[in-house]
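As you go down the protein sequences, you meet chains W and Y in turn.
According to our numbering, the first sequence holds residues 1 to 351 in order.
According to our numbering, the second sequence holds residues 1 to 351 in order.
Just so you know, these hints were derived from the structure itself, not from any lab.
Hints are all accurate, no fakes.
As a list, the in silico DSS-like pairs of lysine-lysine whose alpha-carbon atoms are at most 30 angstroms apart:
hint, chain 1, residue 1, chain 2, residue 2
1, Y, Lys219, Y, Lys69
2, W, Lys69, Y, Lys22
3, W, Lys73, Y, Lys22
4, Y, Lys296, Y, Lys22
5, W, Lys341, W, Lys22
6, W, Lys296, W, Lys341
7, Y, Lys69, W, Lys22
8, W, Lys98, Y, Lys98
9, Y, Lys335, Y, Lys289
10, Y, Lys289, Y, Lys22
11, Y, Lys341, Y, Lys296
12, W, Lys98, W, Lys219
13, Y, Lys73, Y, Lys98
14, Y, Lys73, W, Lys22
15, W, Lys345, W, Lys265
Protein chains: 2
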Amino acid sequence: MSVKQGQSKFLHGDDAYRYPGKITANFSSNVWPGGMQPALQSVLQQSVTSVTTYPPVDGERVRDRLAEKLGVKCENVVVTNGATEAIYLIAQAFSGHKSTILMPAFSEYERACSLFDHQLEFKRYSEFQTFIRLPDSIYWICNPNNPTGSIIDPSQLLLSATMNPNSFFVIDEAYESLVTHDCSILTWTAKVKNIIVIRSLTKSYVVPGVRVGYLSASKEVAQRINRYKQPWSVNSLALSVIDYSLDNQPFTPNELECYIAEAGKLCRAINQIEGFESRIGEAGFFLIKTSFSSAKIKQYLIDNHGILVRDASSFGGIDGQFIRVANQRAADNEKLIAALKMISKSFEYVN
Amino acid sequence: MSVKQGQSKFLHGDDAYRYPGKITANFSSNVWPGGMQPALQSVLQQSVTSVTTYPPVDGERVRDRLAEKLGVKCENVVVTNGATEAIYLIAQAFSGHKSTILMPAFSEYERACSLFDHQLEFKRYSEFQTFIRLPDSIYWICNPNNPTGSIIDPSQLLLSATMNPNSFFVIDEAYESLVTHDCSILTWTAKVKNIIVIRSLTKSYVVPGVRVGYLSASKEVAQRINRYKQPWSVNSLALSVIDYSLDNQPFTPNELECYIAEAGKLCRAINQIEGFESRIGEAGFFLIKTSFSSAKIKQYLIDNHGILVRDASSFGGIDGQFIRVANQRAADNEKLIAALKMISKSFEYVN
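Can you make the complete structure from the sequences, with help from the hints?
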């Protein structure tokens, strides 16, 4: 897996809407496969009656409750229109800086940094060293990483931040809730000035259509970021999701353990199919290296099996032979395994 | 009313959430006072079940339907997270340009332009001349204007755009649906390269909590703006509101006529109260000049009458003695008139 610079294609997963009526099993989105909790659905339906007034400009009340729950101060937290707004606000607040993206990575880090004139560098995620003095930069690190599911130990990240006080460490924890052990350094944002943590409620509460995320940073950095924040960027339903999340876990620890175990099974089963090579991550999704073109495999699976996978070539830093899948229900997993076996046997269909 | 430069305070109306349980009549928000249509509420409640998948990155399908309805091409339209995102995207796409804001004006024009390093100038709305050669600039014009309700004839704006091909005319039509006659130049955006029109569905469909707006511009300008757009900035419910709006008018022409007539009555009644001077606009809201401090009047009305008005001092270009009110139901209007009469008689309470 070689690191290519500036090759993020700004295409995205879960593009099921492009294939209306065609998709029966969607592996392309890495949200929790259990669906939205009925109680959250009721809360959102209730919230619809409250959209007739403006939400608080910065989501104040909910932000303050959230900060308390997170163990930081309200001055540390900025609620955002999905994690995406957090990424762009950070890039804007540090416009013109040097940035280093750990690859492969979500393409929006590169796009946001480019729009705000960052001097971009790219580094392999797997080669990132935490116990050394690093060149001054803003380090963009997704932990656990999307699309690989790899994790850097949080204590190692903290060590890096401490050893490199002139750098900033943007830690995207959009997937931290999908990991069975604690891999977050969010609470440190209130104490360590150069750590910024991004979070999303999309994945665990299954609400990608609502657009809800937040970031936590030192008071100084949060102030700097707030200078650029648009008023009312976070809608009323998004605030309701945050409120709900403070009193309701997205799933039980047992459900999460099962999910990760099933992902491991799926990964191993795929790894035994000739022409496919997969390595499990820690968050229920993983990359599959194929002997074929990822774009063609994607299209073949849609057309012949109603299966949607993520063509991972849109992630910068990897070539066109990777797809990403996220663990789904057992019956869907079987379907995917069967389909990949069929490709393996008769690869002239896709090659 | 003198034009003051750089004095927008970035405070906003409809801050009822700051006074929980206190407000019984809210004049501070200029959304349609009839409330959300029950059919739209049902649509939104249905939409809640669809938030478990990502919305299209740029709201594609809905954007294309909207463009058709507006009589422009889909390449002209950008759907946005409220009109606010449209304002910021335009400011960003023209970063560093010269901008001229017609005052008094919504404070976000100035904030957005400042963040993207525009060279700012300010001009009185009432003194804007449309039949002359203007200095090259981006002209920010709210039509009908917020907070005054004044209108510049659309044919005059078109003339200006044609006479000044090196300038851009950003026309904020957030309130155009609240006017009894057609004051829009939106369809011209497909033909005239230097007109950009901003629209909001917030006011007429009573959905400030959903965050839904859009802009229409020439293909070239829309492309330039799209370079800066964040993916998924428009949530699934916002797209449902646009979809709904294409098949459902927000109110009947007769309802609108009555609303404007009632606003006129309210304005005249207030104008007869000593210490208050009001001039009706064309969109159901208007400014009231007071002999007292607008901040103190606002607080007094909250504390003693449960009435919320908009302290207009946050609009750049006017001083601290203006409040803005929007026509409400007859009973609420009576309440406001009675309260202002009380202030007028015993103004030591607030002065």
